[in-house]
Amino acid sequence: VGGTSQFNYTSTCYSRIAKNSSWYFDVGTTFSYGPSNVDDRDLIKMTDETSMLYFNEATLKSTTTGLRLTNGTVIFDGTGESIISGATIFYDFTCTTPNKTLKFEAGKTQTVKGNLHIEGTEGNLIVLRSTTTGQQFTNR
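First residue of the sequence shown? That's 14 in my numbering, and the numbers climb one at a time after it.
Hints in this document: simulated from the structure, not taken from any laboratory.
Misleading hints may appear alongside valid ones.
What the hints assert, rightly or not - Keeping only pairs whose Cα atoms sit at most 27 Å apart, straight-line, the calculated BS3-like set for lysine-lysine is: (1) 126 <-> 32; (2) 58 <-> 116; (3) 121 <-> 74; (4) 58 <-> 121; (5) 116 <-> 74; (6) 126 <-> 74; (7) 58 <-> 74; (8) 74 <-> 32; (9) 126 <-> 58; (10) 116 <-> 126; (11) 58 <-> 32.
What the hints assert, rightly or not - Per label pair, the in silico range of CB-to-CB distance: (12) 135 <-> 52: 43 to 53 Å; (13) 142 <-> 32: 16 to 26 Å; (14) 50 <-> 138: 37 to 47 Å; (15) 111 <-> 62: 23 to 33 Å; (16) 122 <-> 29: 21 to 31 Å; (17) 92 <-> 49: 27 to 37 Å; (18) 40 <-> 122: 36 to 46 Å; (19) 130 <-> 33: 13 to 23 Å; (20) 135 <-> 21: 32 to 42 Å.
Since this is a predicted model, take the numbers as computed values, not measurements.
Every residue, glycine too, gets a C-beta built ideally from N, C-alpha and C.
I would like the entire structure built from these sequences, with the hints used as guidance.
Here it is in structure tokens:
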């Protein structure tokens, strides 16, 4: 998905990211996860560790339902900022782009159940910020 568009996932049906496959969101796009049933936090299924959700300077937004990913890797790439809003449970979370800024929604908790890999370079760090100055977000 590319451009300045938004992809709204409001279905109550499962979607699967197959082995060795990725769902790619390019610069300026938003993936908004908000099924009509608030109990449906896990409708995006990743087959295994080779399945990826890839955000290149894009935004991940989950509404009050939250989003739970029980397998696969979510990658945040590109030197521009990426915004993560809502409460999300990631399996593996990766950001290795120097000078990258990740903004997390104030007052929300992001959880990583598998591997958390955030790595910049000397003098070119990855910056983690709240979306609201003076208000915290929580990562666990």
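These are the hints, each one checked on the structure:
{"no.": "1", "hint": "126 <-> 32", "result": "holds (20 Å)"}
{"no.": "2", "hint": "58 <-> 116", "result": "holds (25 Å)"}
{"no.": "3", "hint": "121 <-> 74", "result": "holds (12 Å)"}
{"no.": "4", "hint": "58 <-> 121", "result": "holds (23 Å)"}
{"no.": "5", "hint": "116 <-> 74", "result": "holds (11 Å)"}
{"no.": "6", "hint": "126 <-> 74", "result": "holds (19 Å)"}
{"no.": "7", "hint": "58 <-> 74", "result": "holds (17 Å)"}
{"no.": "8", "hint": "74 <-> 32", "result": "holds (24 Å)"}
{"no.": "9", "hint": "126 <-> 58", "result": "holds (15 Å)"}
{"no.": "10", "hint": "116 <-> 126", "result": "holds (20 Å)"}
{"no.": "11", "hint": "58 <-> 32", "result": "holds (11 Å)"}
{"no.": "12", "hint": "135 <-> 52: 43 to 53 Å", "result": "holds (45 Å)"}
{"no.": "13", "hint": "142 <-> 32: 16 to 26 Å", "result": "violated (34 Å)"}
{"no.": "14", "hint": "50 <-> 138: 37 to 47 Å", "result": "holds (40 Å)"}
{"no.": "15", "hint": "111 <-> 62: 23 to 33 Å", "result": "holds (25 Å)"}
{"no.": "16", "hint": "122 <-> 29: 21 to 31 Å", "result": "holds (26 Å)"}
{"no.": "17", "hint": "92 <-> 49: 27 to 37 Å", "result": "holds (36 Å)"}
{"no.": "18", "hint": "40 <-> 122: 36 to 46 Å", "result": "violated (27 Å)"}
{"no.": "19", "hint": "130 <-> 33: 13 to 23 Å", "result": "holds (19 Å)"}
{"no.": "20", "hint": "135 <-> 21: 32 to 42 Å", "result": "holds (40 Å)"}
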